[in-house]
Each structure stands twice: as C-alpha cells, then as structure tokens.
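Numbering (the UniProt record's numbering), first residue to last: 1 to 110.
Take the hints with a grain of salt, since some may be wrong.
To be verified - Simulated DEER-style distance windows between Cβ atoms: (1) 64 <-> 11: 18 to 24 Å; (2) 28 <-> 85: 31 to 37 Å; (3) 39 <-> 8: 29 to 35 Å; (4) 93 <-> 14: 16 to 22 Å; (5) 9 <-> 94: 26 to 32 Å; (6) 76 <-> 43: 18 to 24 Å; (7) 76 <-> 42: 19 to 25 Å; (8) 69 <-> 13: 19 to 25 Å; (9) 80 <-> 45: 18 to 24 Å; (10) 9 <-> 44: 35 to 41 Å.
Hint data in this document are derived by calculation from the structure and do not stem from the laboratory.
Model, not experiment: these values are computed from the prediction.
C-beta atoms are modelled at their ideal positions from N, C-alpha and C, and glycine is treated no differently.
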Amino acid sequence: MSASSCDGYQNEGVMIAAASDAIWDNKAACGRSYKVTCTGATNKGVPHPCTGQSVVVRIVDYCPPGCRGTIDLSQEAFSIIANPDAGKSTLNLIRFEMFMKMQEIWSAGR
Numbered sequence: 001m002s003a004s005s006c007d008g009y010q011n012e013g014v015m016i017a018a019a020s021d022a023i024w025d026n027k028a029a030c031g032r033s034y035k036v037t038c039t040g041a042t043n044k045g046v047p048h049p050c051t052g053q054s055v056v057v058r059i060v061d062y063c064p065p066g067c068r069g070t071i072d073l074s075q076e077a078f079s080i081i082a083n084p085d086a087g088k089s090t091l092n093l094i095r096f097e098m099f100m101k102m103q104e105i106w107s108a109g110r
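Kindly generate the complete structure, drawing on both the sequences and the hints.
Here is the structure:
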C-alpha cells in the first residue's frame, strides 16, 4: 500500500479515485465524492465499453501532471462502469453532493 496525497496510509476502500489538476483545487478535492458514469469509448478497440451503471467514488489521491483525464478511477470502480479492456473511456462526473441536492429538488417537484 502506498501513501495517498489526501490521507496518507489509511485504508480508503476500493471505490476511490485520484483527481487531476482539473478538479484537484489545491487539495480541496480530498474527500469529495463524485457520481461517475461511462459515456463512450476513446479508442476503436472496444467500441462499446460502457455497462450502463454508475459508481460513487471518493477522491483520495492526486493524479500528477501528465494524468490523461480529469479523474483516475480504481480498477474496481472502473470495471463496474466500463469494460476494463477499454483502458480509457469518456466519463460524466457529477459531484455527489450536487447530485443528491438535484434529487431532492426533483423529488419535491413531483
């Protein structure tokens, strides 16, 4: 086990992710949760990588410059939403706290 940029050597479970500079916000991203859904392929090897499922992951680490995406999911989280053979997929991220608020507003409007 290696130390994470957020919590050192604490066991964070498997539904975790590393944040790139796009959402890192000088370490403010630590502990934030995101609902993540696969939206498509980025390569021709696996044209339909998405499973149709979503996962909620917590940011526990920093994905250093050169990280080729906004978020780097754990293998366990990625395999729920996409075919691991896809390697990289386009994702939709919604900050979980915002998602829950939208659900409350939608439910109240019914």
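**Asked** Which numbered hints does this structure break?
**Response** none
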